[in-house]
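**Student:** Spelled out, the chains give:
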Amino acid sequence: MHEWALAEGIVEALVRRAKEVGVNRFSRLKIILGELQQIDREILKYALDELLKLTRNSLDINVDNIVFEKENVVLQCSRCGYIWRPALDILDESVKECIHFIPEVIHVYISCPQCNSHDFSIVGGRGIAIEIS
Amino acid sequence: MTIDPRIFLASSRLSVFKYIVPVLSPKGGVGKSTVATALSLVLTDSFGTVSLVDLDINNPTAHIILGVDAGSLKIEEDKGILPIKLFDSRLEFMSITLFTRDKLVPLRGRDISNAILEILAITRWSGKVLIVDTPPGFSDEVMDLMRIKSIIKPIIVSTTDKLSLYSASRLIELLKSEDIDILGIVGNMCKSGDIHILETYLQRDDVIACIPKIDGFDKLYGRIDTIYELFKQHLMKVVKVLITR
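Going down the list, the sequences are from chains A and B. Residues 443 to 575 (the working numbering) are what the first sequence spells out, left to right. Residues 44 to 288 (the working numbering) are what the second sequence spells out, left to right.
Bear in mind the hints are in silico, worked out from the structure with no lab data behind them. Think of the CB as a built atom: it goes at the ideal place given N, C-alpha and C, for glycine as much as any other residue. Just to be clear, a hint being listed does not mean it is correct.
Selected chain A positions facing chain B (in silico; Cβ < 10 Å) [to be verified]:
| id | residue |
| --- | --- |
| 1 | His-444 |
| 2 | Ala-455 |
| 3 | Leu-456 |
| 4 | Val-516 |
| 5 | Cys-519 |
| 6 | Ser-520 |
| 7 | Glu-539 |
| 8 | Pro-545 |
| 9 | Tyr-551 |
| 10 | Asn-558 |
| 11 | Ser-559 |
| 12 | His-560 |
| 13 | Gly-566 |
| 14 | Ile-572 |
| 15 | Ser-575 |
Let the sequences and hints guide you as you build the complete structure.
**Tutor:** Next up, the structure:
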């Protein structure tokens, strides 16, 4: 699953951060999930738990608390300036899957509701980001 | 501080490669996609499985040369996505077109960088060499790649057209100034004696191949065995140079 790949990236980021700052215990890992990428939170959490177990055993790197935060997707038309939240639910499953893998392809499948332009920006809720503390 | 975990994932995914060879030209229409595709096929003789990624995000075309029907393929997942296997599984291929049903992708700079990073982060390659088909120019796609210059060995494609030579010359100057190790120059659509024009104008002694113009090449799209046979004699020199590096 794609979520496993993302979990691998998160763990890799943790390992590098641990090396950079010379600590092996983090109090909080915040995972921001952009709505556009439609990441399955449960699968991501499961993958993360499994990978963190391995990291704990092999590198003694620990995370006390993992929190998830959802970020709504917001688009802004570069031509007319209109700002909107797209209705992802009405897209067919195969299109949603394509956007799940590469969120930017949404430019192919939807246009500005006001002027029909495909030239818009993803101003929020694109994909995954993390904060480590 | 917010961290993008894809950066670490992409770096880890690309670490499987011994070489990454972007096929570059600032000038459009010189045959970058043709050279990138043909080189990938020819390299399979020496490297087993070869990986090819089309990073022309706005207007990818390598899949057309390979005869891949982008609209009908189902993406396979296994802790990421798996590239499409072609040429008896000796060539693996990835392109944004597999996610756009072969439509034009109208993206601006930041979105292009994000799409590239996503492709590099989620694709699970198994080759030892990655050939990168790039868009014309020194655009976001190329600059994103240059960040990982330790294993980057670009090839510059040029015809003997003056605009192409002029553009290639400027690109060489820029890459040299950034200490990027150029694998060599590939002349395309060449006539007999054109190697001297390329060497003289570009002031380089590393023109490693001169591919003649192949009339009706577009009729061979999808016949990858034929494309391999046609280009093998011209591109074997590139393979030798790559191996010696």
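**Student:** Now tell me, hint by hint, if it's right for this structure.
**Tutor:** Consistency of the hints with the structure:
no. : hint    : verdict
1   : His-444 : 6 Å, holds
2   : Ala-455 : 5 Å, holds
3   : Leu-456 : 9 Å, holds
4   : Val-516 : 14 Å, violated
5   : Cys-519 : 12 Å, violated
6   : Ser-520 : 7 Å, holds
7   : Glu-539 : 7 Å, holds
8   : Pro-545 : 7 Å, holds
9   : Tyr-551 : 8 Å, holds
10  : Asn-558 : 12 Å, violated
11  : Ser-559 : 9 Å, holds
12  : His-560 : 4 Å, holds
13  : Gly-566 : 13 Å, violated
14  : Ile-572 : 5 Å, holds
15  : Ser-575 : 9 Å, holds
Violated hints, in rising order: 4, 5, 10 and 13; the structure is consistent with all others.
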